[in-house]
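Enquirer: Sequences are here, hints too, so could you generate the full structure?
Number of protein chains: 2
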Amino acid sequence: MINRRDLEFLLFEVLQVEKLCERARFADFDRDAFDAVIDSAFVLAKEEFAPLAEVMDRQEPELRDGRVWLPAGAQEAVDAYIDSGFLNACFDVDDGGIQLPNSVFIAASVVLTAANVGLSGYVGLTHAAASLLLTHASEQLKRAYAEPMVAGRFFGTMCLSEPQAGSSLADIRTRAIPTDQPYYRIEGSKMWISAGDHQLSENIVHLVLARVPGGPPGTRGISLFVVPKLRVNDDGSLGAGNHVEVAGLNHKMGCRGTVNTVLSFGADGECRGLLVGEVHQGLACMFHMMNAARIGVGASAVALAYTAYMQSLDYARTRPQGRHVGNKDSNSPQLMLTEHADIRRLLLLQKVFVEGGLALVLYCSRLLDEQSAASNTQAALLLDILTPVAKSWPAEFCLESNKHAIQVMGGYGYSRDYAVERLYRDNRLNAIHEGTHGIQALDLLGRKVRAGGGRAFRLLVRRIEADIEGVSDNASLVPYAASLSAAVAQLIRTTDTLVACSKLELSLSHATGYLDAFGHIAVAWMWLRQAGCASEQLAAPGGRDTSFYDGKLRACHFFFTYELPKAVCQLLVLQKLDDSLLTMPEDAYLGS
Amino acid sequence: MINRRDLEFLLFEVLQVEKLCERARFADFDRDAFDAVIDSAFVLAKEEFAPLAEVMDRQEPELRDGRVWLPAGAQEAVDAYIDSGFLNACFDVDDGGIQLPNSVFIAASVVLTAANVGLSGYVGLTHAAASLLLTHASEQLKRAYAEPMVAGRFFGTMCLSEPQAGSSLADIRTRAIPTDQPYYRIEGSKMWISAGDHQLSENIVHLVLARVPGGPPGTRGISLFVVPKLRVNDDGSLGAGNHVEVAGLNHKMGCRGTVNTVLSFGADGECRGLLVGEVHQGLACMFHMMNAARIGVGASAVALAYTAYMQSLDYARTRPQGRHVGNKDSNSPQLMLTEHADIRRLLLLQKVFVEGGLALVLYCSRLLDEQSAASNTQAALLLDILTPVAKSWPAEFCLESNKHAIQVMGGYGYSRDYAVERLYRDNRLNAIHEGTHGIQALDLLGRKVRAGGGRAFRLLVRRIEADIEGVSDNASLVPYAASLSAAVAQLIRTTDTLVACSKLELSLSHATGYLDAFGHIAVAWMWLRQAGCASEQLAAPGGRDTSFYDGKLRACHFFFTYELPKAVCQLLVLQKLDDSLLTMPEDAYLGS
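So the sequence lines, in the order shown, correspond to chains A and B. Read in order, the letters of the first sequence correspond to residues 1 to 592 in the working numbering. Read in order, the letters of the second sequence correspond to residues 1 to 592 in the working numbering.
Incorrect hints may have been included.
[Claimed, not checked] Here are the simulated EDC-like cross-link-like pairs (lysine to aspartate or glutamate), alpha carbons at most 20 angstroms apart as the crow flies:
| hint | chain 1 | residue 1 | chain 2 | residue 2 |
| --- | --- | --- | --- | --- |
| 1 | B | K19 | B | E8 |
| 2 | A | K576 | B | E400 |
| 3 | A | K566 | B | D171 |
| 4 | A | K142 | A | E187 |
| 5 | B | K566 | A | E270 |
| 6 | A | K142 | A | E60 |
| 7 | A | K566 | B | E8 |
| 8 | A | K19 | A | D32 |
| 9 | B | K566 | A | D579 |
| 10 | B | K328 | A | D578 |
| 11 | B | K566 | A | D94 |
| 12 | B | K46 | B | E18 |
| 13 | B | K328 | A | D35 |
| 14 | A | K566 | B | D329 |
| 15 | B | K566 | A | D578 |
| 16 | A | K328 | B | E47 |
| 17 | A | K142 | A | D92 |
| 18 | B | K503 | A | E339 |
| 19 | B | K566 | B | E400 |
| 20 | A | K503 | B | D329 |
| 21 | A | K46 | A | D35 |
| 22 | B | K566 | A | D516 |
| 23 | B | K576 | A | D516 |
[Claimed, not checked] Calculated Cβ distances over 12 angstroms to all of chain B for the following chain A residues:
| hint | residue |
| --- | --- |
| 24 | A36 |
| 25 | A72 |
| 26 | D92 |
| 27 | S168 |
| 28 | D234 |
| 29 | A341 |
| 30 | Q350 |
| 31 | S472 |
| 32 | A511 |
| 33 | G542 |
| 34 | R554 |
[As the list claims (entries may be wrong)] Here chain A is said to cover these stretches of chain B; the calculated rule only asks that three of the stretch's residues, wherever they fall, bring their Cβ under 8 angstroms from a Cβ of chain A:
| hint | region |
| --- | --- |
| 35 | 166-176 |
| 36 | 245-259 |
| 37 | 279-292 |
| 38 | 357-365 |
| 39 | 416-422 |
| 40 | 428-436 |
Hints were generated in silico from the structure; no laboratory data involved. In this text, a Cβ means the ideal position worked out from N, Cα and C, and glycines have one as well.
Expert: In structure tokens, the structure reads:
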């Protein structure tokens with residue numbers, strides 16, 4: 001459940017997505033077409049996705065006779081997703097897609113993920129795998145594997161981690177042994193493989209990172225392979241099994257609807273893998289996909305918190321409990337929960353986190369559109385630096401938001417009679433997969449803010465400053481603009497300090513604190529942009545939706561009053577370059 | 001799993017619990033006796049409690065034929081608890097107890113709760129119910145109901161909430177209708193009743209809040225009743241069923257081993273209740289018990305996070321993953337997780353939260369001992385003001401700590417193969433029950449800091465200042481002492497501002513932010529006290545356990561560097577008396 005009014009505000013008022021239709025790539029679309037996509041997402045969410053959410057959590061996928069089975073209804077739901085044109089939405093028309101802007105697609109995905117994150121996993125991975133092949137694979141591989149994915153006949157997976165190599169991909173061991181045929185022989189095990197098996201599609205296309213023997217060690221010796229569950233004949237028909245075995249299932253705290261598997265390749269027969277791109281260039285291919293995948297994780301984190309917010313708000317509006325502070329007349333009627341200051345605090349925290357997070361992921365999706373429409377260098381730079389933030393900030397703070405949704409509902413929120421407890425469990429995943437929170441932080445501080453002498457960082461600062469300048473004639477927003485300006489100044493100072501620090505390890509030991517503060521400032525910026533739009537609308541003659549816009553201004557005030565100072569405080573701490581994270585000896589945790 | 005060395009440090013070095021043996025009440029104990037209690041807790045935890053923790057989470061209690069059944073083994077475990085002398089530990093010898101200091105008992109309870117929170121629920125509620133009766137009930141009721149609880153033959157519950165009245169006890173409706181017999185007829189429903197039925201004891205003693213018709217409305221018209229599951233004859237033998245029905249079970253996200261019930265009283269026959277204390281004085285009796293019960297919740301929150309910390313630390317010490325930043329040699333061996341700065345951050349956050357939280361709950365338990373040994377007024381005042389903090393700070397920040405334990409372990413932490421995901425689910429309860437986080441905040445800011453013209457608050461400040469003064473000749477601790485002093489000054493200023501605010505609603509709208517900052521300052525104080533002891537030990541000739549004490553100093557540094565500034569930042573925000581939590585209209589969340 002997402003507030004459609006908010007989605008439309010962000011897409012069409014803040015991000016002005018309609019302007020994309022002026023670009024050749026998106027010229028076939030107009031506002032009506034975008035509305036129809038959003039309509040369709042809400043219908044699909046309500047009719048197919050949401051009704052299965054609870055059952056997919058409670059009846060986990062089962063492994064029987066080496067195959068994974070999902071609860072009844074999952075097939076129909078993914079079929080409806082494909083039939084509604086979501087699987088092929090963003091691909092080029094030439095590849096069987098419809099060239100929908102990514103920003104509209106992500107908006108629709110948020111609606112669907114909010115309804116059922118378990119199902120979203122299967123189609124999301126297929127989307128990602130097809131994108132990767134369409135970007136990096138040969139025409140032959142595209143035809144044989146990517147096009148059936150775009151058409152929804154094959155589904156996909158990403159096989160990176162191994163039991164001994166999670167965050168450290170340099171240490172993967174799966175081998176790809178050349179043969180005298182056009183394929184390699186794949187041998188090894190992969191861990192944490194989402195959607196690694198199921199009966200939802202005719203075939204499953206695993207994208208597998210593996211080492212060709214004799215290559216360099218570490219990440220420079222990793223290649224990427226297409227490894228289908230069933231082999232595909234030259235005419236496109238399905239052939240024999242390819243010896244990809246489900247060695248076991250991982251049982252998770254949440255996101256239980258998306259099966260998580262241990263896969264074994266080639267243990268009981270020849271498992272064939274087809275090289276994608278150049279040998280030893282596998283990680284580069286994979287990273288090419290990372291921006292979209294990571295923004296997708298951020299969007300998922302937002303979706304899970306957004307729907308919990310809506311549910312807790314709905315509860316708070318209809319649950320009578322207690323009276324105003326100081327009212328001792330027990331015969332007076334009880335107030336609704338929404339009348340209590342602390343409940344308002346919990347609701348406003350959720351509002352600023354989920355709407356701010358949504359604004360951020362849609363902003364990044366809009367950058368993806370700029371990039372795909374016109375190979376826009378500035379968009380690419382901004383996307384590079386914002387991606388770890390758009391992945392991580394929602395994973396961290398939208399989980400916090402899920403926590404508040406439970407709190408609003410008290411004991412009921414902690415019970416399994418309401419969805420908020422499930423959504424909290426689901427969202428705990430997002431700081432872990434697709435690069436942990438700490439890995440994203442190293443990406444931001446270790447690479448992105450340093451790249452090109454800080455080019456992306458300076459560009460981002462200019463963009464924020466332009467928006468600050470943009471509200472300078474709006475007296476009601478000037479105080480927020482000034483706060484943001486001061487926060488950005490501290491961010492610059494902290495960045496300079498950390499980048500200039502001669503000891504790289506010391507600098508990077510502060511990466512996570514830096515990421516969190518950076519994220520808060522980015523979201524404050526999103527709130528200022530929203531407030532700017534809302535303020536204009538309220539000032540317009542014959543104003544409509546005044547409550548909605550008023551809410552945006554109040555949320556902006558709340559974020560700037562209670563949240564932004566935390567980021568500034570954090571930055572001041574980081575500037576001290578404390579070295580205690582480098583010096584803690586292992587024995588000192590418990591004593592010895 | 002709790003670090004025994006830490007427990008002993010806090011009890012015997014920081015709190016000097018042995019000195020309690022100089023008091024008449026505790027004169028029968030010595031250090032050896034205390035050690036034996038702790039020994040016994042560790043044995044019981046390992047042999048009886050821990051082995052059942054996972055199974056009690058997975059096989060929830062079942063309702064069959066109107067009765068609740070627990071998994072096999074639960075009976076043996078609680079029997080062992082009783083046999084080890086924990087159920088009667090703190091009661092007076094005259095009441096069948098052994099007069100163990102509460103601080104030692106809480107230390108043991110933390111060990112047991114860390115091993116199995118589900119089992120702890122049954123015995124903890126029995127302890128609380130027996131305490132209440134021993135304080136407030138007639139001799140006859142004590143003999144009939146409290147003594148069998150102390151002996152472990154009967155178990156107890158607390159029946160406060162109703163489906164329509166959670167935080168708002170003023171609105172409970174359960175009725176107690178006088179009869180021409182010495183008992184009342186109880187009619188109504190109670191919600192969220194932990195341990196409301198089971199087969200672990202011969203009988204269950206429900207302590208029920210109900211209204212005697214004709215009494216004043218609201219909380220001034222609530223009385224307290226003993227309502228046994230089975231009636232008790234005058235000779236102490238068990239009589240007929242008392243028409244307390246289990247109307248249903250609530251299924252929770254965590255703490256699943258402690259059954260949670262909806263109870264119906266008198267729906268199918270006469271349910272007899274016996275008045276405890278005076279009519280209409282029920283809530284006062286109940287509140288009398290609150291300090292101990294709330295500290296117990298804080299202790300439980302600490303226990304759940306402490307054991308997760310130990311497990312994630314154990315994992316991090318033995319899991320190789322990745323290399324030092326800048327080391328591109330993939331042939332070099334992988335580092336253990338503990339070598340990575342971000343993992344150290346996650347471990348140190350856990351260390352400061354769980355050890356700081358444990359220090360706080362044990363400090364409060366020690367105050368309970370002062371109070372019981374000598375009716376110490378200062379101890380009572382400190383306890384009053386610290387209780388909402390000792391309940392809430394661990395519930396909030398030890399949950400955060402549980403989150404970090406999962407993060408250290410990555411995908412494994414999110415899987416159900418390790419306990420850390422369960423412990424996170426378990427701990428989410430503690431901010432909800434026994435008075436929500438928001439209710440505790442109102443108690444602190446609305447009552448405790450204002451009571452007696454701020455007498456308790458001023459006393460607390462003097463105690464903190466005395467400890468600051470106490471380390472003034474220790475150069476290495478002076479910077480922390482100065483930081484704490486500055487933070488306390490801001491706390492005083494904020495308290496003055498909020499108390500002086502003429503608009504009570506505005507002042508109290510900041511209660512939760514105030515509570516959180518207050519808690520951080522209290523825990524900083526606990527860290528300074530620990531650092532003071534550790535520093536002395538390190539300076540002593542022939543120092544032993546240097547790693548342990550060094551760890552305490554490093555943790556103190558970490559808390560003061562990274563956590564305390566957050567509290568100061570929060571206080572500065574509160575001083576502005578922003579009124580947005582009072583003015584948010586309901587329509588502004590979503591728009592209309």
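Enquirer: So, against the hints stated earlier in the document, which numbers end up violated here?
Expert: 2, 3, 4, 5, 6, 7, 10, 11, 12, 13, 14, 16, 23, 27, 29, 30, 32, 34, 37, 38
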